[in-house]
Amino acid sequence: MSRYSTVAVILHWLIALAVIALLIAGFWMGDAIRNPETQALAFEVFQLHKSLGLTVLVLTVVRLLWRLGHPAPALPDAMPGWQKTAAHATAWAFYVILLVMPLSGWVIVSTSPFGLPTMWFGLFEWPHITQLTNAASALQINGAAEEVHELLAFGAVGLLFLHVGGALKHHFIDRDDVLARMLPWLSR
Amino acid sequence: MRNRSVFLSVTSLLLASSMGFATAADARPWAVDAKQSSISFSGQHVGKTFKGSFTIWQANIDFDPARPEAAKVAVSIDLASAKTGDAMYDKTLPSADWFDIAKARQAKFVATKITKTGSNDYVADGQLTLRGKSVPVKLPFTLDIAGNTATMTGRMTVKRTAWGIGSGSDAKGDWVSLDIPVQVKVVATAK
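Listed in order, the protein sequences are those of chains L and C. Counting from 1, position 179 in the first sequence corresponds to residue 179 in the working numbering; the numbering is continuous, with no gaps. Counting from 1, position 10 in the second sequence corresponds to residue 10 in the working numbering; the numbering is continuous, with no gaps.
Please note: incorrect hints may appear among the correct ones.
[Unchecked claim] A few chain L residues that face chain C, going by a derived Cβ cut-off under 10 angstroms, partial list only:
id, residue
1, L41
2, F114
3, T118
4, M119
5, F124
Simulated from the structure, these hints should not be mistaken for lab results. All values reported here derive from a predicted model rather than from experimental measurement. Backbone N, C-alpha and C fix where the C-beta goes; we use that ideal spot for every residue, glycine too.
Okay, chain L solo, but in the shape it has when bound (with noise of 0.2 angstroms):
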């Protein structure tokens, strides 16, 4: 098995262009809600952005059970062992905060002191986590939920940057079939 099962390259790179827009729209609405000019459109993509985050979770809970069943390819016997150790780091690293953004999103909006209902593309509610909207703490847990949030925003831009370069650098420079196990119409 060289390349990943077609499954695994669709969920892939739907939760890549997820994650991308997600990451801009994440780091541009948070200083354009303050900003009168902005707010009414801030407002509509930070709709937006809980919708495409949550449909990351669901996407990413999908590609972690579908992988139980689908190993990963083996990575090329050339690579040296620290480079495979990096790269199945920077994967696991990848699925952690693919979890944990959109839950820390999550207990966000659950107990945000809007009270505003998430709303999936404005079709169905979300439901909220009522036992964090009720808690007594709930404006400490937002604080607390917002910070591991943001954080992880920058955790994933390095993680993307890695991720992204030992890819190019597979292809580019290496000249094997990495990125082609994701990309299968670059094999070589």
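Guided by the hints, dock chain C onto chain L, whose structure is given.
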């Protein structure tokens, strides 16, 4: 003998009211045509205008334009019936920080004084009770009566924080305007 006098007084009362004589207790009762009447509100959220209305409410109106000072008006509004066309707003409005319908589902308006200010213009002073708080309000309105049908349109702007609406999450109006224009249109027929 006694029965007869009761009979007579009841008949004379019925006659008097059917002939249109207003009695002191009954200024002039009106039946609201719910289909043509509305209580709506609007405001700004993140700089965008929202509009909504209450779909369930009822009004007891006793009003004779010739004697506005004798008028009795009481309106009861089901706060849970507020509809804005935006699911997010509709789900937020009933919550504890906004209308708090779990505590008091009905808003009540009771007119304490109606004053004529022009040929068709009046001002209703009254108490608007919401979230367990009564606040005096002034509702200027115009009234057109054609035959048995009266059309009343009024507009006032209320400050939502006077009742503590949204005071927990947005007391300063950073997100949702403090000023909420309320529009009332009532079409009623004489009972």
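Cross-check of the supplied hints:
1. Hint on L/L41 holds. Least Cβ distance to chain C is approximately 9 angstroms, under the 10 angstroms limit.
2. Interface hint status for L/F114: upheld, as the beta-carbon distance to the closest one in chain C is roughly 5 angstroms, under 10 angstroms.
3. For L/T118, the suggested interface contact is upheld, since its CB lies about 9 angstroms from the closest CB of chain C, less than 10 angstroms.
4. The interface hint given for L/M119 is met, as the beta carbon of that residue sits about 5 angstroms from the closest beta carbon of chain C, less than 10 angstroms.
5. With a least beta-carbon distance of about 9 angstroms to chain C, the hint placing L/F124 at the interface is held under the 10 angstroms criterion.
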